[in-house]
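Here are the chains, one letter per residue:
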Amino acid sequence: MSGIIKKISMLRTGSKHERSEKSLRGRSSIVLRVYRANKAVGDSAHYDTFDVPIQRWTTVLDALLYAKSYKDTSIGIRYSCRMASCGSCGMKINGIPRLACYTNVSEMESGVISCEPLTNFPLIRDLVTDFHQFFSHHKSVRPYIINQNADLRDRKELSEFIQSPRDVDEYLQSSYCIKCGLCYSACPTVATDTKFPGPQALAQAYRYSADTRDTGSREDMKAIDDKHGIWRCHFAGSCSSVCPKGVDPALGIQLLRGHMMSFSKHNKKIAELKHHSHGNQIT
Amino acid sequence: MRTSNRRGLFKTAEEDRNNREGLKGWLNPARYGWERVSYWLQRLTGLFLLIYFIGHIYETSSLTGGAGAWNAMLQFTETPWGHLFLILVIGTSTYHSTNGIRLIFTEAGRGLGRPGRPDYPYDALSLNYRQKSGIWIALILAAVAMFYGGNVLFGGD
Numbered sequence: 001m002s003g004i005i006k007k008i009s010m011l012r013t014g015s016k017h018e019r020s021e022k023s024l025r026g027r028s029s030i031v032l033r034v035y036r037a038n039k040a041v042g043d044s045a046h047y048d049t050f051d052v053p054i055q056r057w058t059t060v061l062d063a064l065l066y067a068k069s070y071k072d073t074s075i076g077i078r079y080s081c082r083m084a085s086c087g088s089c090g091m092k093i094n095g096i097p098r099l100a101c102y103t104n105v106s107e108m109e110s111g112v113i114s115c116e117p118l119t120n121f122p123l124i125r126d127l128v129t130d131f132h133q134f135f136s137h138h139k140s141v142r143p144y145i146i147n148q149n150a151d152l153r154d155r156k157e158l159s160e161f162i163q164s165p166r167d168v169d170e171y172l173q174s175s176y177c178i179k180c181g182l183c184y185s186a187c188p189t190v191a192t193d194t195k196f197p198g199p200q201a202l203a204q205a206y207r208y209s210a211d212t213r214d215t216g217s218r219e220d221m222k223a224i225d226d227k228h229g230i231w232r233c234h235f236a237g238s239c240s241s242v243c244p245k246g247v248d249p250a251l252g253i254q255l256l257r258g259h260m261m262s263f264s265k266h267n268k269k270i271a272e273l274k275h276h277s278h279g280n281q282i283t
Numbered sequence: 001m002r003t004s005n006r007r008g009l010f011k012t013a014e015e016d017r018n019n020r021e022g023l024k025g026w027l028n029p030a031r032y033g034w035e036r037v038s039y040w041l042q043r044l045t046g047l048f049l050l051i052y053f054i055g056h057i058y059e060t061s062s063l064t065g066g067a068g069a070w071n072a073m074l075q076f077t078e079t080p081w082g083h084l085f086l087i088l089v090i091g092t093s094t095y096h097s098t099n100g101i102r103l104i105f106t107e108a109g110r111g112l113g114r115p116g117r118p119d120y121p122y123d124a125l126s127l128n129y130r131q132k133s134g135i136w137i138a139l140i141l142a143a144v145a146m147f148y149g150g151n152v153l154f155g156g157d
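Chains as they are written, first to last, in this note's numbering: chain Y, 1 to 283; chain L, 1 to 157.
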């Protein structure tokens with residue numbers, strides 16, 4: 001019973017960044033448990049543990065790179081920018097999908113940090129997963145502006161859309177998506193339904209549906225208006241809970257669903273198009 | 001890296017299920033917050049009520065066998081365990097319906113707020129206290145209904 005109470009008390013009702021850092025204060029090292037598996041060579045899944053020295057500013061990615069540099073160079077990990085912009089280093093850290101570069105070790109509640117590959121993504125090796133299905137779903141919602149009135153290929157005729165700040169606010173946060181896949185990994189529907197596009201793709205459907213520059217929202221609806229589409233979302237909210245960029249996919253999905261069910265007005269005013277001719281300036 | 005020329009919502013369905021969480025994905029509710037607990041409870045109570053509904057149809061169908069068969073069937077619930085089961089039915093149906101009403105509004109885009117410009121630390125607008133209050137109210141109502149039901153069932157003449 002006390003275990004259940006402890007788990008419930010750990011439920012985060014506020015920001016993840018509001019949690020105290022006191023658990024690791026005074027600690028000079030942590031134990032890193034890293035999931036290892038390489039099915040291509042018949043290597044079965046197991047965990048390797050590494051003692052890693054830490055500073056107050058050490059992130060989980062720093063700790064992993066320390067282990068890779070000085071303990072075991074064969075650890076498979078994908079990363080790039082180290083500043084939560086590229087979305088490459090997504091993994092499950094202590095059971096929750098997070099960006100390794102955006103997670104300070106002092107945020108963790110114990111001195112043992114487990115790193116596992118993102119679930120719901122096919123595993124390639126160790127902490128590296130295959131994003132092929134994820135990007136297929138992303139492409140299926142046609143995540144780009146469709147506007148027949150603006151010929152974006154004609155480089156001599158520049159087109160400019162007029163949007164108010166309020167128009168921009170409707171979709172701006174959804175456009176901050178870095179496609180890290182954390183929401184896809186946390187979603188309980190994605191866990192069981194391979195046809196479900198997932199929160200990321202659906203949030204992008206909302207993003208272009210809400211954009212006044214886009215006139216192709218009806219076609220986008222066809223891609224997700226399916227029994228395996230947007231209707232499979234049951235608002236578990238986990239996608240928004242783990243999103244490192246504040247995209248809030250759950251919000252976009254519910255708003256889009258409200259539009260599709262005509263619970264909310266969707267009389268989107270298409271942005272006015274302004275043409276500029278700069279013929280000789282374009283090279 | 002696996003290669004494929006398949007694209008689109010439906011064609012990706014044939015992909016393998018390697019590393020999918022499956023049912024384990026929703027059987028552990030204590031990782032993501034109250035909304036995930038609510039999702040888990042809504043599913044569990046829904047499954048429980050489905051099983052109860054099937055049993056209830058079987059129970060009431062005994063009426064076709066006459067008063068004797070009906071009274072014999074009622075004996076199943078006239079025990080302490082039968083009462084506990086009925087209290088569970090009261091609690092689950094109260095929670096499922098109350099939380100379901102919240103979800104009807106939520107899934108229609110109501111009570112979530114308007115999208116805006118996210119600022120650090122990026123607290124999700126959709127996981128606001130209106131939603132959490134709805135979950136807590138559903139839990140409290142279920143507890144009150146169970147307490148009242150228990151009082152009637154166990155405290156009767």
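Keep in mind that a hint or two might mislead.
[Stated by the list, open to error] Here are the in silico distance ranges between beta carbons for each label pair: (1) Y:Lys227 / L:Leu50: 18 to 24 Å; (2) Y:Asp225 / L:Gly82: 26 to 32 Å; (3) L:Phe53 / Y:Val31: 26 to 32 Å; (4) Y:Asp225 / L:Gly46: 38 to 44 Å; (5) L:Ile54 / Y:Arg27: 51 to 57 Å; (6) Y:Lys274 / L:Gly46: 51 to 57 Å; (7) Y:Met261 / L:Gly46: 18 to 24 Å; (8) L:Phe53 / Y:Asn149: 30 to 36 Å; (9) L:Arg130 / Y:Gly216: 54 to 60 Å; (10) Y:Lys227 / L:Asn71: 42 to 48 Å; (11) L:Tyr129 / Y:Arg27: 44 to 50 Å; (12) Y:Met261 / L:Tyr129: 47 to 53 Å.
[As the list claims (entries may be wrong)] Subject to a maximum C-alpha distance of 30 Å in a straight line, what follows is the list of computed DSBU-like cross-link-like pairs (lysine-lysine): (13) Y:Lys179 / Y:Lys245; (14) L:Lys24 / Y:Lys179; (15) Y:Lys269 / L:Lys24; (16) Y:Lys268 / Y:Lys245; (17) Y:Lys245 / Y:Lys139; (18) Y:Lys139 / Y:Lys268; (19) Y:Lys39 / Y:Lys71; (20) Y:Lys274 / Y:Lys195; (21) Y:Lys39 / Y:Lys195; (22) Y:Lys222 / Y:Lys195; (23) L:Lys132 / Y:Lys39; (24) Y:Lys268 / Y:Lys179; (25) Y:Lys227 / L:Lys132; (26) L:Lys24 / Y:Lys245; (27) L:Lys132 / Y:Lys245; (28) Y:Lys139 / L:Lys24; (29) Y:Lys68 / Y:Lys39; (30) Y:Lys269 / Y:Lys245; (31) Y:Lys68 / Y:Lys139; (32) Y:Lys227 / Y:Lys71; (33) Y:Lys222 / Y:Lys245; (34) Y:Lys39 / L:Lys24; (35) Y:Lys274 / Y:Lys227; (36) Y:Lys195 / L:Lys24; (37) Y:Lys68 / Y:Lys245.
Hints in this document: simulated from the structure, not taken from any laboratory. Keep in mind it's a predicted model, so treat the numbers as computed, not measured. Even glycine gets a Cβ: it sits at the ideal position worked out from N, Cα and C.
Verification of the supplied hints:
1. At roughly 19 Å, the beta-carbon separation of Lys227 of chain Y and Leu50 of chain L lies within the given 18 to 24 Å, and the hint holds.
2. The given range of 26 to 32 Å is broken by Asp225 of chain Y and Gly82 of chain L, whose C-beta atoms sit roughly 45 Å from each other.
3. Between Phe53 of chain L and Val31 of chain Y the beta carbon distance is about 50 Å. The supplied range of 26 to 32 Å is therefore violated.
4. Roughly 24 Å separates the CB atoms of Asp225 of chain Y and Gly46 of chain L, a value that falls outside the hinted 38 to 44 Å.
5. A hinted range of 51 to 57 Å for the beta carbons of Ile54 of chain L and Arg27 of chain Y is consistent with their spacing of about 55 Å.
6. Remark: the range hint 51 to 57 Å for Lys274 of chain Y to Gly46 of chain L is upheld by a beta-carbon distance near 52 Å.
7. At about 21 Å, the CB distance of Met261 of chain Y to Gly46 of chain L agrees with the hint of 18 to 24 Å.
8. For the pair Phe53 of chain L and Asn149 of chain Y, the supplied restraint of 30 to 36 Å is violated, since their beta-carbon distance comes to about 54 Å.
9. A beta carbon spacing of about 33 Å between Arg130 of chain L and Gly216 of chain Y contradicts the range 54 to 60 Å that was offered as a hint.
10. Take Lys227 of chain Y and Asn71 of chain L: their Cβ atoms lie about 44 Å apart, and the range 42 to 48 Å holds.
11. Range check, Tyr129 of chain L to Arg27 of chain Y: Cβ separation about 34 Å, and the 44 to 50 Å hint is violated.
12. Range check, Met261 of chain Y to Tyr129 of chain L: about 25 Å between beta-carbon atoms, so the 47 to 53 Å window is missed.
13. Of the supplied pair hints, the one linking Lys179 of chain Y and Lys245 of chain Y holds, its CA atoms being roughly 10 Å apart against a limit of 30 Å.
14. Our distance criterion of 30 Å between C-alpha atoms is met by Lys24 of chain L and Lys179 of chain Y, whose separation comes to about 24 Å.
15. At most 30 Å may separate the alpha-carbon atoms for a hinted pair to count; Lys269 of chain Y and Lys24 of chain L exceed this at roughly 44 Å.
16. Restraint check for Lys268 of chain Y and Lys245 of chain Y: the C-alpha separation of about 26 Å stays at or below 30 Å, so the hint holds.
17. Between the alpha carbons of Lys245 of chain Y and Lys139 of chain Y the distance comes to roughly 21 Å, so the proposed pair stays at or under 30 Å and holds.
18. For the given pair, Lys139 of chain Y sits about 23 Å from Lys268 of chain Y by alpha-carbon distance, which is consistent with the 30 Å threshold.
19. Proximity of Lys39 of chain Y to Lys71 of chain Y is assessed by CA-CA distance (about 22 Å); at most 30 Å being required, the pair is judged to hold.
20. Restraint check for Lys274 of chain Y and Lys195 of chain Y: the C-alpha separation of about 40 Å exceeds 30 Å, so the hint is violated.
21. Of the supplied pair hints, the one linking Lys39 of chain Y and Lys195 of chain Y holds, its CA atoms being roughly 25 Å apart against a limit of 30 Å.
22. In summary, the hint linking Lys222 of chain Y to Lys195 of chain Y is supported, as the alpha carbons are separated by about 14 Å, within the 30 Å threshold.
23. Pair hint Lys132 of chain L plus Lys39 of chain Y does not hold up; C-alpha atoms about 42 Å apart against a cutoff of 30 Å.
24. Between Lys268 of chain Y and Lys179 of chain Y the alpha-carbon distance is near 26 Å, which keeps this suggested pair within the 30 Å criterion.
25. Straight-line distance between C-alpha atoms of Lys227 of chain Y and Lys132 of chain L comes to about 28 Å, which keeps the hinted pair within the 30 Å bound.
26. A C-alpha spacing of about 27 Å is found between Lys24 of chain L and Lys245 of chain Y, which places the hinted pair at or below 30 Å, so the restraint holds.
27. A C-alpha spacing of about 22 Å is found between Lys132 of chain L and Lys245 of chain Y, which places the hinted pair at or below 30 Å, so the restraint holds.
28. At roughly 28 Å between alpha-carbon atoms, Lys139 of chain Y and Lys24 of chain L fall within 30 Å of each other, so this suggested pair holds.
29. Between Lys68 of chain Y and Lys39 of chain Y, the direct Cα distance comes to roughly 20 Å. Compliance with the 30 Å bound is thereby established for this hinted pair.
30. For the hint pairing Lys269 of chain Y with Lys245 of chain Y, the CA-to-CA distance comes to about 28 Å; that is within 30 Å, so the pair holds.
31. Proximity of Lys68 of chain Y to Lys139 of chain Y is assessed by CA-CA distance (about 34 Å); at most 30 Å being required, the pair is judged violated.
32. The suggested pairing of Lys227 of chain Y with Lys71 of chain Y is violated, with an alpha-carbon distance near 49 Å, which exceeds 30 Å.
33. A C-alpha spacing of about 28 Å is found between Lys222 of chain Y and Lys245 of chain Y, which places the hinted pair at or below 30 Å, so the restraint holds.
34. Proposed proximity of Lys39 of chain Y and Lys24 of chain L is supported: the alpha carbons are some 22 Å apart, at most 30 Å.
35. The straight-line distance between the Cα atoms of Lys274 of chain Y and Lys227 of chain Y is roughly 40 Å, outside the 30 Å bound, and the hint therefore fails.
36. With a C-alpha separation of about 18 Å, the suggested pair Lys195 of chain Y and Lys24 of chain L falls inside the 30 Å cut-off, and the hint holds.
37. About 27 Å separates the Cα atoms of Lys68 of chain Y and Lys245 of chain Y, which keeps this hinted pair within 30 Å; it holds.
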